[in-house]
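Quick mapping for you: the protein sequence lines, in order, are chains F and V.
Residues in the first sequence are numbered from 1498 upward in steps of one, following the numbering used here.
Residues in the second sequence are numbered from 2 upward in steps of one, following the numbering used here.
None of these hints come from the bench; they were simulated from the model.
Treat the hints with care, since some could be wrong.
Quick list of simulated restraints, FRET-style, between CB atoms [stated by the list, open to error]: (1) F:Met1542 to V:Ala48: 34 to 40 angstroms; (2) V:Ile40 to F:Asn1601: 54 to 60 angstroms; (3) F:Gln1609 to V:Gly140: 48 to 54 angstroms; (4) V:Ala9 to F:Ser1617: 35 to 41 angstroms; (5) F:Pro1659 to V:Leu76: 50 to 56 angstroms; (6) V:Lys77 to F:Asp1611: 56 to 62 angstroms; (7) V:Ile82 to F:Leu1645: 44 to 50 angstroms; (8) F:Met1542 to V:Phe19: 56 to 62 angstroms; (9) F:Ser1604 to V:Val71: 33 to 39 angstroms; (10) V:Leu50 to F:Ser1604: 16 to 22 angstroms; (11) V:Ala22 to F:Pro1655: 29 to 35 angstroms.
This one's a predicted model, so the numbers in the text were calculated from it and none came from an experiment.
Ideal placement from N, C-alpha and C gives every residue a C-beta, glycine not left out.
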Amino acid sequence: MDELQHSNYQSRDYPVREDMAYQLKVWRFERWGWYVLVGVVLMAMLGVFSRGPISARDAQSTDGKVTVRYELFHRNGSTNPMRVVVSGRGNSQVELELSGDFLNGFSIETIQPDPIKAVSAGQGIRLWLQTDPQGHATLYFTLRGDGLGPYNTRISIPGSSPIDISQYILP
Amino acid sequence: MDSVLRAAAMYVALMILFKIAGRRSLAELTTFDFVLLMIIGEATQQALLGDDFSLTNSIVVIVTLIAVDVGLSLLKQRSSIVSRLIDGEPTILVENGKILRARLRHARLIEADLMEAARSSQGIETVEEIKFAILERNGKISVIPRDQ
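All chains should be built: construct the whole structure from the sequences, respecting the hints.
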């Protein structure tokens, strides 16, 4: 039995010329490849390729006046939401600035609700929002990833500490 | 430029994936394999074309795919190493009526697959009647019967 098992891995010359050492490498490649495929599926479930627990992030400024929920990983050509909540005085206007190179990598498909005013500020944009009686203003963005690689965004309101977030756009 | 890169990347990715899947994966098409193939095609098509459905883009993509394919076959002709890497080699599964079980297991085949090929190609009923069964490079099993 042992001899037969051994002969399984010996190369034959007839009727076809074999190279079992190479064939064993191919089979090993197939076996490890299968582990890699399972790994990719698990990573996708976890959100390494966007939309999953690893990718969904929340960030807050140190004084708690600005919170943002965003996706760490984006895909080129697909859209993802981003939500920014700003706290200020009730029934007033707050100013929100988005700066950094993120507008080079993302196009903003929609902003809900429309800000009162929007101007460009350096590389980024500055928005004025109306707060509700409790002093909150929420802004929903739909971002489409157009670029590739890492992009940094700084979200700030005057008189408060900024939030720096990094996002990655996958091909 | 990005159409060419997309097509080339997709070609390489699919080649690696189907190498992992092994020889038998799509050689013997069952109905379900056929459906699977169509789904893979659909998923690929979106990534290949992106949001550009122009005639130019589709022609660029098709030209790239065929160019890579022809280039690879030219390379295979010149280098036996490349040829072996891409097409693989035939493997003997049955020798003089004896099944080489370890090989069968590595190739992710069972005896029923073997006998199916023997029946359909040679009308063979038992393993003892097989002289050689060979898993070919394209994933088909060819069977040589013993002399009566």
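Against the structure, the hints come out as follows:
no. : hint                                      : in the structure
1   : F:Met1542 to V:Ala48: 34 to 40 angstroms  : violated, 20 angstroms
2   : V:Ile40 to F:Asn1601: 54 to 60 angstroms  : violated, 35 angstroms
3   : F:Gln1609 to V:Gly140: 48 to 54 angstroms : holds, 53 angstroms
4   : V:Ala9 to F:Ser1617: 35 to 41 angstroms   : holds, 38 angstroms
5   : F:Pro1659 to V:Leu76: 50 to 56 angstroms  : holds, 54 angstroms
6   : V:Lys77 to F:Asp1611: 56 to 62 angstroms  : holds, 60 angstroms
7   : V:Ile82 to F:Leu1645: 44 to 50 angstroms  : violated, 34 angstroms
8   : F:Met1542 to V:Phe19: 56 to 62 angstroms  : violated, 23 angstroms
9   : F:Ser1604 to V:Val71: 33 to 39 angstroms  : holds, 38 angstroms
10  : V:Leu50 to F:Ser1604: 16 to 22 angstroms  : holds, 20 angstroms
11  : V:Ala22 to F:Pro1655: 29 to 35 angstroms  : violated, 57 angstroms
In terms of the numbered hints stated before, the structure departs from hints 1, 2, 7, 8, 11, listed from lowest to highest.
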